[in-house]
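If you read the sequences in order, they're chains A and B. Heads up: the first sequence runs through residues 1 to 261, numbered per this note's numbering. Heads up: the second sequence runs through residues 1001 to 1274, numbered per this note's numbering.
Source of the hints: derived by calculation from the structure; they are not laboratory data. Hints are supplied without guarantee of correctness; some may be wrong.
Facing chain A, a subset of chain B residues (Cβ under 8 angstroms, in silico) [to be verified]:
1. ASP1124
2. ARG1125
3. PHE1129
4. PHE1133
5. THR1212
6. THR1221
Quick partial rundown of chain A residues pointing at chain B, CB under 10 angstroms, derived from the structure [to be verified]:
7. ASN99
8. ILE145
9. VAL147
10. ALA150
11. ASP151
12. SER174
13. PHE175
14. ALA188
15. GLY216
16. VAL219
Treat the numbers as computed from the prediction; the structure is a model and nothing was measured. Ideal Cβ placement from N, Cα and C applies to all residues, glycine included.
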Amino acid sequence: MRLRLALSVLFASLMGVFAVACGDDNDTKPSSDGAAISGEVVVFAASSLTEAFTAIGEAFTEEYPDAHVTFNFAGSGDLVTQITQGAPADVFASADDSNMTKLIDAGENNGDPIVIAKNTFQIIVEPGNPKGIADLADLADPDLIVVLCADTVPCGKGASTILANAGVTVTAKSFEDKVKGVVTKVTAGEADAGIVFVTDVIAAGDAAEGVEIPSGLNVISNYPMVVTKGAPNAAAAQAFVDFVARAQGQAILALFGFLAR
Amino acid sequence: MNARRSGSTFPAPAKALAAIAVAFFSLPLIGLLWRAPWSHAAEYVTDDASLTALKLSLICSVWATALSIVFGVPLAWLLARVKFPGRRFVRALCTLSMVLPPVVGGVALFFALGRRGIVGQYLDRWFDFRLPFTTAGVVVAQTFVAMPFLVVTVEAALRQLDGRLEDASRTLGASSWYTFRRVTLPAIRPALAAGAVLAWARALGEFGATITFAGNFPGTTQTLPLSVYLALDTNPEQAIVLALVLIAVSFAVLIGLRDRWFAGGEGEAPRVLL
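This is chain A alone, in the form it adopts within the complex (with noise of 0.2 angstroms):
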């Protein structure tokens, strides 16, 4: 699954360049001042992007060879903590708007955000789908045990809007800080289902196996990412961002699961 994936990775790579190469793409444009480029780029993106910007950031650094990337990976409600107390970040990627908005609000950003990717939610199961769960309504057999992310995180709040439009009530056995609490529930079989990401159960890879929610009841999360007010490396931040809303770095997200923008 790894190998898979970090091939794929290369053939996106080379999709992006070749795309580059042939500027069929309006979006594309590779920055004049690309030379300019360089220096630390240090990136605070929801841990959600984990894989997925991990990838980009060595995407980045072969079209920019003077600049490096640096993560920060965390829930985006500490990440917006992080900032306003003062933390060096060039960029922030948050996994909601909500957190999105709060940064704003303390008016820690430079410019509007773009959103860069959507994500949308799977029923996560077991491998092989032991307890045959085919839709949301399965999710109501009390004999399961169901895990659902806290009201107070994305994922969470996701969860409860798709429950509500489906009109099903789930007795969740545990609301999890975060939506690898609920994978970790389920790859360890402790927990028969969750609702998470798709782009969680693409990266717990075979040790766990996604259910489709129709797309009338699922919810589409934006992913918004801005430069930072106090960004110490302005111009290779607002690179950074161009790239990932580029051809390249789409195509990239795209691989893990994520929608395009």
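Please arrange chain B on chain A, whose structure you already have, making use of the hints.
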């Protein structure tokens, strides 16, 4: 131990360093007090959810302490008094959870006691009993991280204890159980108390292993540290107030017990001060 007596000869640089240490510990607390929303404090504390979490925290941490004493004292005695091959290995093994990141400890508990765990699968299959997502699971997680604090403290006291006292008791005809109760236990009482309080404090503040192994459900597994952490995202003011409640409870217990249990006579055998 005799700081009070030798206070006048305490060197000035050491005083300065000690003062910095005091500031280091008190400033974060002052920070919390400074940021606390005092006008809303009462409503946050008397909030049903907070009281439920506080009650659960107290119940679970007391259980974890009791289990730590019941199993930890014999373990400390084994490590201090019985020579057997691999003793150092066993000691390292039994204190491992002190250095293990608690979240990793929680995952490890899954592999041992979870529904698919080495032992847990039989609990599930034979007794239809599962620890994760139960209050018992919280107690197990807390005991796992807290017991080593008691074991280490009590073992140190047992090692310092003059074994001849126990020998004398036994040669006078006392059974080994009687000797343990009437000679050993009173001699290590301060250390036992200190170890129990350390274990209790660790259990009370436990977060990572609890949320990983037992999950987070109000009234069942949501202890106060868990509700503080979750409140940080949505309502930081409430988080600060709840954190202060946690601190106040531990303070009251630490100070209260210190006066009662640690202010023993000067001549008492091994002192492990808190």
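Hint check results:
no.: 1; hint: ASP1124; in the structure: violated (10 angstroms)
no.: 2; hint: ARG1125; in the structure: violated (13 angstroms)
no.: 3; hint: PHE1129; in the structure: violated (14 angstroms)
no.: 4; hint: PHE1133; in the structure: holds (4 angstroms)
no.: 5; hint: THR1212; in the structure: holds (7 angstroms)
no.: 6; hint: THR1221; in the structure: holds (7 angstroms)
no.: 7; hint: ASN99; in the structure: holds (9 angstroms)
no.: 8; hint: ILE145; in the structure: holds (7 angstroms)
no.: 9; hint: VAL147; in the structure: holds (7 angstroms)
no.: 10; hint: ALA150; in the structure: holds (5 angstroms)
no.: 11; hint: ASP151; in the structure: holds (8 angstroms)
no.: 12; hint: SER174; in the structure: holds (3 angstroms)
no.: 13; hint: PHE175; in the structure: holds (5 angstroms)
no.: 14; hint: ALA188; in the structure: holds (4 angstroms)
no.: 15; hint: GLY216; in the structure: violated (29 angstroms)
no.: 16; hint: VAL219; in the structure: violated (19 angstroms)
When held up to the earlier numbered hints, the structure conflicts with 1, 2, 3, 15 and 16 and fits the remainder.
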